[in-house]
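Chemist: So you can see what is in the structure, the chains are spelled out below.
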Amino acid sequence: MTEPSATATPDEPVTVVVVDDHALFRRGVRAELESLARRTVSVVGEAGSVDEAVAVIGHRKPDVVLLDVHMPDGGGAAVLARTRPEHPEVVFLALSVSDAAEDVISVIRAGARGYVTKTISGRELADAVVRVRAGDAVFSPRLAGFVLDAFADRPGATGVVDPELDQLTRRERDVLRLLARGWSYKEIAAELVISVKTVETHVSSVLRKTQSSNRHELSRWASDRRLV
Amino acid sequence: MGDVEDVAPRREGIDPAVAPAAPGATGAGGAGGGAGAAAASTVPSAPATPGIRRVRRRREGAVIAGVTGGVADHLGVDVLRVRLVFVLLVAAAGSGFAAYALLWLFCPIEPRGVRRTVPPRERRQGLGLATLGVLLALVLSGIGGQLSGWIVGPLAVVLTGVALVWREADTPDAETGLARRSRRLVGGRLGLLRLLAGAVLVTAGIAAFLLGNVDLSQVQFGLLAALATLAGVVVLTVPWWMRLVRELGAERRERIRGQERADIAAHLHDSVLQTLALIQKQAGEDAAGREVRRLARSQERELRAWLYGPPGGDAGHPAGAGDATFAAALASTAGEVEDDYGLRVAPVVVGDAPLDPDTTALVAAAREAMVNAAKHAGVDEIDVYAEVEPETVEVFVRDRGCGFDPDAVPEDRRGLAGSVRDRMTRHGGRVRLRTSPGEGTEVGLVLPRTPRSTNGTNGTNGTNGTVTEGPDPSELEEEAR
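The listed protein sequences correspond, in order, to chains A and B.
Each number in our numbering comes from the position in the first sequence (counting from 1) with 263 added on.
Each number in our numbering comes from the position in the second sequence (counting from 1) with 81 added on.
Note that these hints are calculated values from the structure, not bench results.
Backbone N, C-alpha and C fix where the C-beta goes; we use that ideal spot for every residue, glycine too.
Warning: the hint list may mix true and false statements.
Stated by the list, open to error - Restraint-style ranges between C-beta atoms, simulated for each label pair: (1) B:A368 <-> A:E297: 24 to 30 angstroms; (2) B:L325 <-> A:H350: 56 to 62 angstroms; (3) B:A368 <-> A:S467: 41 to 47 angstroms; (4) A:E349 <-> B:L325: 52 to 58 angstroms; (5) B:S352 <-> A:S447: 32 to 38 angstroms; (6) B:G519 <-> A:S467: 28 to 34 angstroms.
Stated by the list, open to error - Derived EDC-like pairs (lysine to aspartate or glutamate); straight-line CA-CA distance at most 16 angstroms: (7) A:K449 <-> A:E463; (8) B:K362 <-> B:E462; (9) A:K449 <-> A:E387; (10) A:K324 <-> A:E297; (11) B:K362 <-> A:E297; (12) B:K362 <-> A:E295; (13) A:K449 <-> B:E520; (14) B:K362 <-> A:E387.
Between the sequences and the hints, there should be enough to build the whole structure, so can you do that?
Modeler: As structure tokens, this is what we get:
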């Protein structure tokens, strides 16, 4: 099970635990991450259930947990709820086949730093892992779309409690839009004439707002909306 | 009454202070009153939330229907006093009965899970007072002389019967399966007894009323007439009864079907979708692998559409023909392109709009842009992003393929730009093309939404860079040529 993470290169690979109730899929992810030419990511553990995940995360203390949203015994949100209090330093990245807004938003609100779909390529996944490790949020175009939709000012929207938290700034919206259009951070930075760091700041701030806003839509909307 | 009960708890947002009581408890408490009568004193459910407070009948510790308890909670006084007042009101020409019945009808029962313990003494007092009320009514009718005697006496009996029946019909409001089943087992016979007793009382009351008034031959005639009328009504309303039964059956079937579908969805979600995702990832890069990937993708999409699609959408046509909205149409168009060209098209749609000729044209234009990217860009993934805003609908079709030099447009590209642009301009929209060799291509389609204002927007059509919002157009931006 243990991966030779001791043979770390000068800049150590990011340690990852894969949590998914499908053994086949875990193996697939592991194989893919480990077949990459540049070993930026090292899988140090796997878990197939919430209990296992809690144990493995506590034992391995990985940098990043790749978290399945759907699991029989509670899913990603349950893992987040049980491990985050004890291991606040562990970063979670949701990896799911589910495109349901409800699932995506709820796991983000439970504390995941990003969301990617399972059809992502190994290289992209490794990039995403490294990015969340570095403190970035990883917004797939779909997540960006969901968040934009959730923060949209609909005519029927109820009055918001905290305008500071419940609005995206114009710049954040611009960044989100470009993300939803499939642009990379670098391209967005060039387009908006800001630094990549600033783009990251905007995205992190959007993530924070998504997580902490008690905007009516964010909880309500996700469950109303069927997936596209 | 049903409405009131459903809506009120939510509007007021009273959270039951404790976790919902065991489902069986309310049923048993309501039926026999024996359960959960501990020694603690009554806890007034003083709602901590501001706003309008409503009288809520007590669910637990009710002697008849929890009305007096509710009123006591509402007013913050001892329940005994409220009951006394009601009994005294009975003396006032029976108005206590009327008040009680009306409160029963119009006050919602308190939300499940408010736990309170009613001392046995209080319950005994309540029962005693209720009996006292009925007796009082009878006695008063007795001393009230002939006039009220023959009305109030039987009336009290009838009311008692009605109260019994009502109470039986009232308690099982929206109880969950387990609770109801256990109620049927435990309270079943008792409930039946109560129903029978109620019916007997009502009949006896009516009979007493009739006997006091009319002589026997008339009674016979009256009974016959009543029976005949009843039979007539039953026969007349047979179709309605049948329909009611049928509707109930249909509703239940629908619910079961929905439940089944949810179960299947949960199961499939975790096995088949995962497998399909895996296949897409693992399929090789040769022709066979691409075909496998294409099949897996299309299966995944159909499965999703069936699992999460609108109810009634059948598996054969998850989306497609009946698309009523722009978002659905764009999604199914993306699916078609995905199938036809064996690459991944990931549409992200924010907001939605009805399909009208303009948005239909926009979808068609988007399709051409997707097809073009699929044919020429040499990529295996296309990002499609659509945003519906009050003033505009925008669609961006983005690939990370080879791109091209807009100044040296190959023949086939010209065709694309031309046809897409023609479509868009006909409907008052614009096309923005960003591309350069090696940088990929993004086709932006902008359609103003102000209804039927095609003339106004045509004027600005030729000018470049009149972008209303979003990122400023950079030097890369080119009007499609």
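Chemist: Next, verify each hint and record whether it holds.
Modeler: Hints versus structure:
no. : hint                                  : verdict
1   : B:A368 <-> A:E297: 24 to 30 angstroms : holds, 27 angstroms
2   : B:L325 <-> A:H350: 56 to 62 angstroms : holds, 58 angstroms
3   : B:A368 <-> A:S467: 41 to 47 angstroms : holds, 43 angstroms
4   : A:E349 <-> B:L325: 52 to 58 angstroms : holds, 57 angstroms
5   : B:S352 <-> A:S447: 32 to 38 angstroms : holds, 34 angstroms
6   : B:G519 <-> A:S467: 28 to 34 angstroms : holds, 30 angstroms
7   : A:K449 <-> A:E463                     : holds, 10 angstroms
8   : B:K362 <-> B:E462                     : holds, 13 angstroms
9   : A:K449 <-> A:E387                     : holds, 15 angstroms
10  : A:K324 <-> A:E297                     : violated, 19 angstroms
11  : B:K362 <-> A:E297                     : holds, 15 angstroms
12  : B:K362 <-> A:E295                     : holds, 9 angstroms
13  : A:K449 <-> B:E520                     : holds, 12 angstroms
14  : B:K362 <-> A:E387                     : holds, 12 angstroms
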